[in-house]
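Protein chains in written order, with the working numbering: chain A, 1 to 342; chain B, 1 to 342; chain C, 1 to 342; chain D, 1 to 342.
These are computed hints drawn from the structure, not numbers from a lab.
Just to be clear, a hint being listed does not mean it is correct.
What the simulated footprint calls covered on chain C by chain B, stretch by stretch (three residues with Cβ under 8 Å from a Cβ of chain B suffice, anywhere in the stretch; the number is not a length) [said to hold, decoys possible]: (1) 182 to 190; (2) 198 to 209.
Some, not all, of what chain C presents toward chain B, calculated at C-beta under 7 Å [unchecked claim]: (3) I47; (4) H79; (5) Y193; (6) F195.
Sample of chain C residues with no beta-carbon within 12 Å of chain D, all distances over it, derived [stated by the list, open to error]: (7) A92; (8) V129; (9) E217; (10) D302; (11) C313.
This one's a predicted model, so the numbers in the text were calculated from it and none came from an experiment.
Glycine residues also receive a C-beta, built at the ideal position from the N, C-alpha and C atoms.
Protein chains: 4
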Amino acid sequence: MDKVRVAIVGAAGYAGEELLRLLSRHPYADIRVITSRQNAGKDIAEIFPRLAGTGLSFSMPDVEAIKSGCDAAFLALPHGLAHEFAEPFINAGLTVIDISADFRLRSLDQYKKYYKIDHPAPGLLSSAVYGLPERYREQIRNAKLIACPGCYVTSILLPTTAILAAKLASPEGIVACSMSGVTGAGRKVDLPYIFPECNESVRAYGVSGHRHLPEIEQELAVAAGLPSLSMNFIPHLVPTNRGIQSTVILDAAEGCTEEAVADAFAKAYGNERFVRVLPAGKLPDTKHVTLTNCCEIGFKLDSHTGKLLLFSCIDNLTKGASGQAVQDFNIRFGFPEETALV
Amino acid sequence: MDKVRVAIVGAAGYAGEELLRLLSRHPYADIRVITSRQNAGKDIAEIFPRLAGTGLSFSMPDVEAIKSGCDAAFLALPHGLAHEFAEPFINAGLTVIDISADFRLRSLDQYKKYYKIDHPAPGLLSSAVYGLPERYREQIRNAKLIACPGCYVTSILLPTTAILAAKLASPEGIVACSMSGVTGAGRKVDLPYIFPECNESVRAYGVSGHRHLPEIEQELAVAAGLPSLSMNFIPHLVPTNRGIQSTVILDAAEGCTEEAVADAFAKAYGNERFVRVLPAGKLPDTKHVTLTNCCEIGFKLDSHTGKLLLFSCIDNLTKGASGQAVQDFNIRFGFPEETALV
Amino acid sequence: MDKVRVAIVGAAGYAGEELLRLLSRHPYADIRVITSRQNAGKDIAEIFPRLAGTGLSFSMPDVEAIKSGCDAAFLALPHGLAHEFAEPFINAGLTVIDISADFRLRSLDQYKKYYKIDHPAPGLLSSAVYGLPERYREQIRNAKLIACPGCYVTSILLPTTAILAAKLASPEGIVACSMSGVTGAGRKVDLPYIFPECNESVRAYGVSGHRHLPEIEQELAVAAGLPSLSMNFIPHLVPTNRGIQSTVILDAAEGCTEEAVADAFAKAYGNERFVRVLPAGKLPDTKHVTLTNCCEIGFKLDSHTGKLLLFSCIDNLTKGASGQAVQDFNIRFGFPEETALV
Amino acid sequence: MDKVRVAIVGAAGYAGEELLRLLSRHPYADIRVITSRQNAGKDIAEIFPRLAGTGLSFSMPDVEAIKSGCDAAFLALPHGLAHEFAEPFINAGLTVIDISADFRLRSLDQYKKYYKIDHPAPGLLSSAVYGLPERYREQIRNAKLIACPGCYVTSILLPTTAILAAKLASPEGIVACSMSGVTGAGRKVDLPYIFPECNESVRAYGVSGHRHLPEIEQELAVAAGLPSLSMNFIPHLVPTNRGIQSTVILDAAEGCTEEAVADAFAKAYGNERFVRVLPAGKLPDTKHVTLTNCCEIGFKLDSHTGKLLLFSCIDNLTKGASGQAVQDFNIRFGFPEETALV
């Protein structure tokens, strides 16, 4: 197969590093350009010594050069910036796979409410495909602009959409408690993230209004066949490098049984390479999925309260970001979906 | 003041170590006996080098010797064993402060259901006082048998009972998600607790039927003025040594406001030395309470779902076990409540 | 290429898990048998959920079945047991790659002194090849029995042998201080290795007589062209899962310069895929090599004392054990040396 | 006893926090002023929630106010700044206890070489007393300016000076390998110190020219009765919050035995409250000394190389900084040396 020539724009953060780790082993990807304003001119070995073998160097982002020299571009930028690249790249015929949040929300109002700016490129929204392969695989095959889901979002959607779609729980009153490792905050140099402030610490944050909340609500509503829904998403920071554990509490529908839940998951994910559903009562562990693109799911029906409990674990940088982006890339370009992924 | 002569039965676990740490600095406690079947005869320096300065040695538990030589006994034993000591000690006039679970539950049925054995000493139950000072201080003053609350339980009761007592939230459908450090499992030598299995790992466990569940339900029902209630308690293991973070999600009562919540907390805990309530929206952190007897509480009313979110952090070995036991000891013997505690 | 049919004997420890992780992605290895006395009959998903996709199950070790059905066997057993498998397998024509310590030492006396038993199969020793590819690649190509180096040993030999061979430092008075993550102790369920005993802890151990000492001395003597030498090896346990950092202090030879050191390393490792030598003064980091088969090396000549300081980092389970075993396997069977390795 | 009125200048770093933790429990210290340019005006609860109970607030440093209102000042400032406070305070009759590096080195040349600036107040140097109580207790009793030793320095001097003073090892060719937790870098917001860069990482740094090197050399020379000596000090960063483990390798003197070493330590530290020497072959652990002012020391004579190995563990913020400062304060003002310390 011909190799796809790719650019990674914003390659010096943790999501960028993970993309580099994965794509550098991808037999059908040819990394042509990696950009970083801050590190332009530096050899990759200076920033990510473990990737020294790739021989790559960071450059300043150059839209024209990428347009003419690449077939696809991964964008790993802070929100609000992706469109500066997405727009010209799409116009030039490239496929854009965006890891930022800019093209995930359907609603401009929600975008403004949670990101505090007007959406910078509303015209692109209609062409964006939500990059969760387990729910949007067919659309991804032909997408020009793929908006990769947020990390927390992925961990909550995979267990919960299958249950809502099967009408096994109520879409009202859903609560999701998540715990994330510190790379989830990005490669951010800020006091709350230095080692002594995170180690031996557990803390909730962003408990009513985290930016991933409207994205979760949007996709759960789609799964439930509703125009919208409201739920609680409560993230916590825990002292690990990688991994998200999400615990989702739902009101079980009448007649819901653990067998029915197992069946719904089997139907949804029986053929999925990257979703592993455990038997009832077995619970997932973030360490089971570290550095893999897998989502591990457990569940338990609590008969004494009538709650259905869902549990999921992903690696926030892999299935929660760059691994899923590569999975999308593989789907889009017709490669076996698991290429370069485990 | 005269010193109280104390024994610590089962002193070689983490709760025992924490008791020793605290009592060895207590100006009115005279540690006469520390027992450990496994370590009898060993100098404390062999087991807990940091306590070498106390000059203590472990002995086999000797009921008669303790009866005649001590005024109070702390029991830090696995469940099912405490009565073997509690009964003779109480009969001999000693005050017993039990850190195990044996005298916490009012219901023999619940005890049997969750601990899988018949209660070994039902006759003692009626004399047991639940050792949560913030709710049972007066009874503790005259107690002969004090049943110290479980660690998770303490972290959930402190924020939640005040809210239920003030009728600011519904007692139905309560969900508590907790995250605990690994000392919560005791000094247990078992595969799931070795370092490489816990480090870089987050996992839920015991999600429908943890032994702390009936204890939480019992005390929340008391606070709500109900004969009983059912709720979900979902514990998670995170890679820290110490600390519990509990997130409690309740349906806010009609008309509940953040001001009303702040007032309820001020009323309940305004004079409490070991409860620190943060302003609305500020969230607690386990590292703020490590090695202290404090419970740090935060809260947030989520107007878009009508849920009231409570957050609390304690050190599981201090306020969650041995610190609270010392606080009870101070109350019972008339010492300033904060003696030997920070 | 035809696939090589392999068995992994003793596959339920951390080295076994790492072998499984690597070989399950190896395009030319066909894992036929994985054995574990303790877990015989269990599906791999129960023990190593992340490897569920391999569909393997543990069986009791069956020498006859392996002899007739496999071309190569990896042994990941405690010392003293490997010969029970190595002998019949070699006689049956299989290639044996042993991760245990049994065939590393040339001297039966040293084996007895450090392992406290008579060597169980001295007759096999002469046919064993020491499996450090960077020094014994040619012999590995034709070996029937490959003795993979110890983890600490690998981290110390790679920087130090090149320097001794180039006569840039004295072979006398060498000191190596190493720090290892806890998987280095194996999947061992023992009090010193439970999370709360390792977390927030740094400690030296085995400081005069660790079992890796005679192995280091043996190979450093070979590199120095001496019949034997004595040195100090001082291991420390640090709270990480994976990784060894070794700091080696040597007396620089007269006229030794940093340029000469860089040249010696370039000559020794310029063509090596799995050794990365940093510029003078740049220091390695265990996180740069996690889950890779690389050894990262740094150095510094301290002019004020005349000491040459060498630093190296490896992943103890990859280059320090199973990755190196796979590298040996690749060499032995003529596959590209980096197959299934990064 | 009358309370001593104290100021803490630069109280918002980790050493400042530790001083606050200790002094807030000190029965004879009255904390009058805590300064922080960055946090002036803020309540302590905002910066260090666990110290909320002290009721203190940060102010801008005000030399005149401190001069007139305090008896002693602790300085916890970066190097190069202490003299701005030390000079006027001493002139006004206050006792100054400086945790910075500015008054530790006797040699202005060494100061300039390692700190890259001319010493800002050479006139004060002659009045400075080196604040290591185990070696300079008598001078500390009457000191006006106490220069508290560096953290690494303390961990190396305590085991090594006793051995050199007893002539049990050569002062030549000493090597010290140390491992420190991340608070050792201060509360520094810099990429190498964010959680994901430190967790699962071990790395050497500052291996030939760390600022603590000349200080160690100076004091070891004093102990050995030499005008100067040269040695190697090699620090490593490990993923813990607190704790330093130092391993010191020396050439044992002829006739040195483990008994002689034990005797030398007994003589040096038999009456010391904060030095705990373990029996030969037993090794210290940083977790044994966390949050205490103790130094735990182990040793081993390696007969096969003739090296004497010393091991020590301290809490870098307590005995390595603020605890030692409080110990000095207690000595200086005639309080029992262990007041407020464990």
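Tested hints:
no.	hint	verdict
1	182 to 190	holds (count 6)
2	198 to 209	holds (count 3)
3	I47	violated, 10 Å
4	H79	violated, 21 Å
5	Y193	holds, 5 Å
6	F195	holds, 4 Å
7	A92	holds, 41 Å
8	V129	holds, 28 Å
9	E217	violated, 9 Å
10	D302	violated, 4 Å
11	C313	violated, 7 Å
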